[in-house]
Amino acid sequence: MSTAAVSEQSHVTLNEVVRRYDGPPVVHALGPINLVLRRSEFFSIVGPSGCGKSTLLDVLCGLVRPTSGDVQFEGRELRGDVPDGVGVVFQEDSSMPWLSVRQNVAFGLRTSDLPEKEVTERVDHAVSFMGLAQFADHYPAQLSGGMRQRVCIARTLVLRPRLVLLDEPFGALDQQTRLLMGDELLRLWRETGATVLLITHALDEAAMLSDRVGVMSARPGRFIDMAETGWPRDRDSRIVSDPKFGALTARLWSCLREESLKTMGRAA
Amino acid sequence: MTRPRAVLLVRIAVLAGLVILLEICCRSGIIDPLTVIPPSNMIASMIDNVGSGDLNESIVNTFSTIILAFVLAIGFGTLAGALIHRSSRLRDVADPLLASYYSVPTFIFYPLLVALLGLGKAPLVVLGVLSAAPAVMISTLSGLDGVPPVLMKLARVQRLGPARTLWWIVLPAALPRLFTGLKLALSYALIGVIAGEFILSGTGLGYAISFAYQSFDNRAMYGLMLFVLLVAVIANGILYVWEGRLARRRSTG
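First to last, the protein sequences are chains A and B. Mapping of the first sequence onto numbering that gives the first Met the number 0: position 123 corresponds to residue 122, and the numbering continues sequentially without gaps. Mapping of the second sequence onto numbering that gives the first Met the number 0: position 241 corresponds to residue 240, and the numbering continues sequentially without gaps.
In silico negatives: residues of chain B with every beta carbon more than 10 Å from chain A:
#1 T1
#2 C25
#3 A79
#4 G117
#5 N217
Derived list of chain A stretches under chain B, where covered just means 3 residues or more per stretch with a C-beta under 8 Å from a C-beta of chain B:
#6 81–87
#7 105–116
Pulled from the structure, derived: some chain A residues nowhere near chain B, Cβ distances all over 12 Å:
#8 S9
#9 R19
#10 E73
#11 G74
#12 S253
Hints in this document: simulated from the structure, not taken from any laboratory. Even glycine gets a Cβ: it sits at the ideal position worked out from N, Cα and C.
Please model the complete structure; the sequences and the hints are all you need to start from.
In structure tokens form, the structure reads like this:
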């Protein structure tokens, strides 16, 4: 296959990526990991606590350099900087309390040289897309945790990233809100055509949202299973009633159970 | 009526009540007028003294010294706080010193400062800075420590350079704590300078109060004290209102 054809299909490539943290003690957090994210796919990662999921996300977006191996985004190797076209939504609330919802969302475009009209249009679109139009002039302290996380997603969305990385963005939300936020995420993914990588500890969330789910081992994190879900692109949270959903979640759990027990210091 | 407005009214009423009580006690002879003069006389004396123009030079001297000490304290304090924040070794050394700093009565160094720097503005500015800078340092340190790490990550993801990270993320995130430092620094600079003038200086409002006190001129002394008090309260009030406006956005409601 030609190089052009490979880069057409693969959006992000991790090649023998290892990450160690200098000690003492030296911590081998990750790898070796090989992964190819296909353009416009929805990929989720599940794994036991402390398996290096967040480290993997930091490596993927260029915040952290791998100790060995390399990461390629759109054919270019990452060298410790976050490239243009990558948007990240963190697990923690990263809304800025001194800015209104609209200003928070527009923050992503402060460094862009877009004309003001387009900035306003993009911000308005992102704000209403995430259902925040009524709250555009509110400050984060006046919003619920779920709404604040939506502000952070809107701030990423406004940049129109080609790769969206989400680190347990719904971790602090209740189950109903998480299902609905999952639907919004799927809608966003369909409309933007971006490649999405979601890190989650919720197996049902991974099974419901993804095209593929990667299961990671206990530290040092490696992929021990890669499950293709086979869902149609046009899907939503109602897919949880599909019998395949139960089978898929069971498969993920059977892989993960042993690894989770290892993390807890017990044998399977 | 909103709750904050009601609280403000009660606060004003309590203060006014105390002033009226003092007025009554002084007028009725319960308090010896040689010890404390009635508040109405204090106000009249303040207007006379300040209005006469005799004190213009002292007022300009004192407040320019305070402002200079305040500005220098902000500069030194912020710089030192930022340096300590960046260096863990420096923090290990500085932490216990900062924690115990305010147990040192800096005024005792005033004679030494006069010997080193001569009479004039310099020792007063140094005294003001010595009083105010550590408050700025401590609040800068706690403000910078309090910037959520996720916002620093966000700065990198948004590919902001160091100046934009500082201006758009670090400063606004640290602002509430920096403001506390500013308020304290203003008070400490004012106390440092006026107390310095009071002890040894030959100019300024502190000296004028001290001179009136030693001349048994109670009326002038209380008038000047009231003037200093009013200026301090107004200056702090402005910072307080400003801080309140910033804080309102960050709190619920």
